[in-house]
Each structure stands twice: as C-alpha cells, then as structure tokens.
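Enquirer: Model the placement of chains B and C on the given structure of chain A, informed by the hints.
Keeping their order, the protein sequence lines are chains A, B and C. 1 is the number of the first residue of the first sequence in this note's numbering; add one for each residue after it. 1 is the number of the first residue of the second sequence in this note's numbering; add one for each residue after it. 1 is the number of the first residue of the third sequence in this note's numbering; add one for each residue after it.
Honestly, the hints are just simulated from the structure, not real lab data. No false leads were slipped in.
Quick list of in silico lysine-lysine cross-link-like pairs, PhoX-like style, CA-CA up to 25 Å:
1. K78(B) / K192(B)
2. K26(A) / K60(A)
3. K126(A) / K108(A)
4. K86(A) / K60(A)
5. K192(B) / K264(A)
6. K190(C) / K100(A)
7. K192(B) / K117(B)
8. K78(B) / K190(C)
9. K240(A) / K264(A)
Chain B is nowhere near these chain A residues, computed Cβ spacing over 12 Å in every case:
10. G17
11. D67
12. R107
Which residues of chain B face chain C? A partial, calculated answer using Cβ under 10 Å:
13. A79
14. R98
15. T100
16. P108
17. R135
18. L164
In this text, a Cβ means the ideal position worked out from N, Cα and C, and glycines have one as well.
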Amino acid sequence: MSDKLLTVENLNVTYPGRAGVTHALKNASFELGRERLGIVGESGSGKSTMGRAILGLIPKPGIVTADRLDFSGKSLLTNTDRDWQKLRGRRISMIMQDPKYSLNPVRKIGDQIAETCRLHLGSTRKDAEQRSLAMLEAVQIRNPDAVYNQYPHQLSGGMGQRVMIAMMLVAEPDLLIADEPTSALDVTVQNEVLRILDRLVADRGMGLIFISHNLTVVSSFCDRVLIMYGGRILEQCAAKDLGEARHPYTQALIAATPSLDHPKAELATMVRDPAWLL
Amino acid sequence: MAPMIDIEDLHVTFSNGGRSVHAVQGVSFSVEEGESFGIVGESGSGKSTVLKAVSGLIPSESRSLTVNGRPAAERRSKADRRLMQFVFQDPYASLHPRQTVDEALREPLSIHGLDRKDERIEQALAEVGLLPEHRFRYPHQLSGGQRQRVAIARALILRPPVLLLDEPTSALDVSVQAEILNLISRLRQANKLTIILVSHDLGVVAHLCNRIAIMQFGKIVEVVNTADLSAGRVTQDYTRRLIEASRGFVREPS
Amino acid sequence: MTVTLTQWLMDDRPTSRRQAVLGNLYRGTRAIIANPAALTGLVIIAVLILVAIFAPLLAHGISPFDQDLSKRLAPPSPEHWLGSDELGRDIYARTLYGARVTLTIVFLVSIIVAPIGLAVGTLAGYLGGWVDRILMRITDVFLAFPRLVLALAFAAALGPGIENAVIAISLTAWPPYARIARAETITIAKSDFIQVVVLQGASTLRILFRHIVPLCMSSVIVRLTLDMAGIILTAAGLGFLGLGAQPPTPEWGAMVSAGREVILDQWWVATIPGIAIFVVSLGFNLLGDGLRDVFDPKAER
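Only chain A is shown next, with the shape it has when bound in the complex (with noise of 0.2 Å):
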C-alpha cells in the first residue's frame, strides 16, 4: 500500500482509577492503507477502544497518548473540537452496531442523512434530497423514496444498518471505522449487508477498520486482520494466512470456535497465558 491513510504508533488509552492506571490499550501500532482492516478480539480486548480512539472518543477521565497518530499525513492528537467537528462525518466515518441507538428516532431517515450532506458537504437543500436517495438506492434499498419518509423503528435490522451505512457514506469519508456492524443481524442478512459495504468500499477507495469479535467474518471479509487480547496487539497477519496464525492466543481463538465443517467432540479451551500481556 503507497497510500497511507493512518499511522498509529505506540497509541495508549488510559483511565486513571482507585486501585491504579488501567490500560485499556498498550502500546498499539498499526499502519492502514486503502484497504479492508479487520480487527479482532473478545470483549475487553481494547478492539472498540481503538476505534474510539482514533475518532478521538474516549470519554473522560480516559487519556490519550501516542508517538504517532497521523490521519493522511496531519496529527489527530492536536486536534481541537473544532477539528475533530471537521473530520468527524465527512472524512472519517463510524457505524456503530446497533442502528436503533444511532438514528434519531423521532427524525425521517431521509432527513438525518440529508443533514449530513448538508452540514459536510455544504450541499443545498434540493442536492442533499437526491444524493440521499442516490446513496439509499447504493444500499440497495428498494424503494428510497418510501424510506426516505419512514422512521427509524419502521425499518427490520438489515434496513436499519444499510440506512446507516447510507448515512455514514454519504459524506464520502476516506475511512470507514465498523464497530461490529453486523453482530446484531442475522446470519443471511449479514452477508448482504457486507457485500454492499464491500462495494463502496471498494468503489469509492475508502480505508475500512472492521471491528468484530466474529473470527469466521473477518477472516472472510478483510484484507488484514489485527489480533487484539488486554488492550495489546498481539498479531497481525493477512486474513487468508489466519488459519497458520503463529500466537497461541490466536490459534486457541480459532479452536475454540465450533464448526459445522469441522466437526470435534470436544473444543479446545485456552489456557490464558500472563505473558501475553507483557
């Protein structure tokens, strides 16, 4: 990848609490291109942390610090509010896992992603009413103009997160960050929604940090794939070389997921090791 879209060097989060500093990430590095970036861990693994980070989101009391966290050249750690109002929509993106918490509810879907035009893109009224339709038509939803009048809660799950997907969009971000966009979805449904992001993600040349706890997803569906356990990275590899991943935590992650094609009788438990998280 020539195109650097984000640098992250020794990027740490800390909370301040009672019995001492908590790390919730340790030392992460990473480097993204145009490219499909999968992140993976279990729950405490730091991997929405991450995604927080980068948007810069940590909530107080939490502190930020890094060697580097460049975003297409410019430092994000200097960032003001103003700043990070700039990015934040228009050049770099989050979906978040449930779309019923992240669209207004008492707000016509059409007019939220219009906002958004509006707000980033300076468009006019009229303009921000048909790149909306346009971008609900890119999400494959079958009758925009219908759902561009409905509400949040008259959309099924899979509409909910394509809206989503449509409103995050539209502002044309450079990076797309997922926070497990697709856990709260069914099986069939899931892998529609992937496809169409995989498509303008690949149209329109946008870096994607996919976070998931979902091995058997990302593994599929990213180009990369960071391992993360204890707010670490433990592992980076190429998703389609997970199977021959080299950390034991990876390799017990694997075997512990039960297949249908590879039937065991027992699964394998994982042994934690306090190593790891040196």
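Expert: Same frame as chain A, now just chains B and C:
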C-alpha cells in the same frame, strides 16, 4: 419405548394490542430419551417460542404434547416442573441481582422440599466447575461465563431428565463459549440428559446435537442429522443458504 | 496473613453467607457516608432517635407535664432553657419528649404503609388482568382525595388521638407505594430470573415475597424516607388542628398550635417545636435523597 418429548402440530399465537401474531404454525417433532435435539433459525423464526411452549412458560395449542409419555398439562404441577429445566440466553438477566449463588441454588431445593441442601449445593457447584469460594458471591461478583455455569448448576440441581437451552452461549465470548459447550456436553453424557438446544449459530448446534430442525417463519423447514448437515446433504434451499452464510463472507467475483 | 475487618468486608470473594450479607451492608453504608447530604440526614435522624431514648436524662428530670401557672409564657432563662408555654410547662423538655411522639408516628406509619403498598402493588403488577384493574381502581380512589382532607375526615370520624392520626395518615399515604411497587413488579416479572423460579415450580406467593418484593424494597424505602417529612408535617397539621395527639401529650404540631396565639409576643412557644419539625423533616429528606443515589441501579458499575 415412547419418546421423551413428543410434539404434534404445535401452535403459538401472541396477541399484541389487538393484532395477533401466529409465531409457531404447526410444529411437530419428537426427541428420544438421551438425545440432543437442536433448533436453528434466524430471529423471528419462532425457535425460542417453541422452547418456551414446551417448558410451559407460554400458553400453546397442540394436538399432543407429551413429556416422558405423559401429556403436559396447561397448568403444570411441581412434579411436571421437575421433569425439565431451562437455561436462558443472558446470564446477566437470569440470576436474581440480590441473591447469592448459594441462595439461587437453594431455592429450587426448598421449593421441592429436598433434604441435604448443603451437600447438593456443593456437588452442583463442583459439577459445573465452580469452586466453593464462588458459593457466596452475588451475580455482580461473577464473570459472564461463571454466571452461566451457575444457571446450569441451578437447572440441574433438581436432576431433571430434560434440559432446555435457549441460546446458552450467544452472550459469551468464543473462548468462554467453548468452555460452556464442553460443560454441557459432559453433563449430558454424565446425567443421560435429553436436550433441546435453540441457537442461531449452526456451529454451536452442530457441535452439541445429533439431530437438527431448521425453522423459518414459524415452521420447521426440515429436520436433518448433523452428519448430513455438515456434508451438505439437505433438501431445502433455505437450509443451504444458512449453511453457506455460516461459513462466512463470500466475495463476488468483480 | 492478617486480614483487617475492612478487607474482610470489602472482599469480592466472600466465603460465607454472613460475610456476603455484611459486606453488602458495609458497602451500602460506606456509600451513604460518602454522600454528604445523606450523612447529614442520617446524623439528624440518629440524633432524633438518641433524643427520644434519652429524653428524661437530657431534660434533667424536668417533666414535660408539670404545670406552673405562675411561670406562664416565661422567656428562655437558666431555669427554663427554652422558655415555658401557656401552662408554664418547660418547652425544652416538651420538645425533647416530642421526639418520642414523632418517632412513634413515623414508625407506625412506615410499618403500615410499606406492607400495604407493597402487597397491593406487587399483587396487581404480577397477577395483572382483573385483579390489577380492581386493585388499581381502589388505589386511584384513595389517590384522588387530597391527603390532609382525607386524614382530617378519618381523624374526625375515628375521634381525635394519636393512634387514629396514624391510621388516618397511613390510609392516605399507601397509594403511591402501591403504584411504585406495581410499576417495578411489571418490569421485574418479565425478567428471566423470575421465569426461572416459575419453571422451578414456585408458588405465586413465594415468587412475590421472596423474589419480587426484595427488589421493590429499595425504591419503597427511598420513597418512604422522602415521604417521612410529609408524614411528620401531616401529623403536625392534625395536631395543630386538634385532631392528632391530645393534651397534654407533647406533640410538636399541637405545641405550635398552642403557641400560635402568642407568636408575636412570646415567639419561643411556637418557634422551638417549629424548628424541631423543620430539622427532622429536612433530615428525612436529605437521607431519602442520599438513599436514592445509593440504590440507583444506574450508579452501579
């Protein structure tokens, strides 16, 4: 020998503010003693509803619903209740927040007036791999995996022949899920349990069950052996789609 | 290794039921103490209880009933620290003894109101259907009357006296508790852990009293503590109107009422019991607020 659970033409209808939803539409299956039967489906397929109807938690209609050869009444007696126990999906919601593990395990024993309570509690904890030190903790002092172990111990402390499991591991991390699945399959063999497991995850169901029913829109699409499912020897398109989807994302050639 | 008591109580891995229960109590107490408002309230109520217990001692043996008509309406002096009332009785002693009356009212009302409210509310919420409708309509009827007026009517019908005042206040105070308990029960009854006990074969009463009521308790206690101020004021109001405690019982409301006629010239007669009512009401209110913070599930991590 009669099957442990036999269901013929089960219907469940919910009325929701004047609108009625026919959630389960004529489901029939039977489960032999010691068998482990899986039900797979997506959300809204009615799979959990079937399980709740079998347990008597929600009212249902059927041509016949027998457990252990006896018809399961609409109002179940204490003795009926002892035949089957239920493990819920969310280990955070299935334990009383103000009761210690000890109290949670003692309650079924005192409801059914069993003796040697302390001994039974200690044994139940040991069975599910919990230590004596866990006995007096409150749920908030336990991890998700430990809570689910408590829920399983509580379900088995009455020694029911049938265990109903509703997505028992879907709220847990993969590594914890593996531990719980191993635990369930070990307990099943040790206690000769008959199991009905409901899950959206084909891998999980295939791991634990011999026979699997695939449900969609309140009906059973087909019932297959696990070996046939793994080998793709299925007759219905929907089953094929589920299998394919569970293998992960497939990129279309551009 | 030696373990301090604090460590033993704060241990996240209790090894006995006693330790688990005590640890929980200790954490709750610490949370209340850490809250300045709640602590103030707690101190005020502790003082009230101590005053009630040690009233004879604190009054130096002066009886609240001894009249001395030659010293009517005497201003505060070394002999009568807070002056005397229209019958020459020592106001200091009467105020101290008044704490007993107030505490009695508070105690009696709590043990009547909380159980009635909990029973009605949880039954209605859990059983639903026509039981719910009937119980809640009855609740609505009681709720629709203005509290003091209903209490007045009851007190007038039953005859004046402290027991009747307590009954009157209790009858008007339980409906909000039934509403709270019902709302909580409806949420709790749907939860998995209640379904589990149903499937274990527990009887309805067992489910209600062993599993649902304990969870409604915290909000009922909070509400009761917050209401206490109102109850004390209602009791004082009934006393003021002559329908509460009867003379010569040293009841604060009745004392204020007696001092009303001379409030401009002998201010202490009405003011001292008035301050007592105010401080105790404030104490209960502060404690109630603090308890609400402590019990609030959203504050739990």
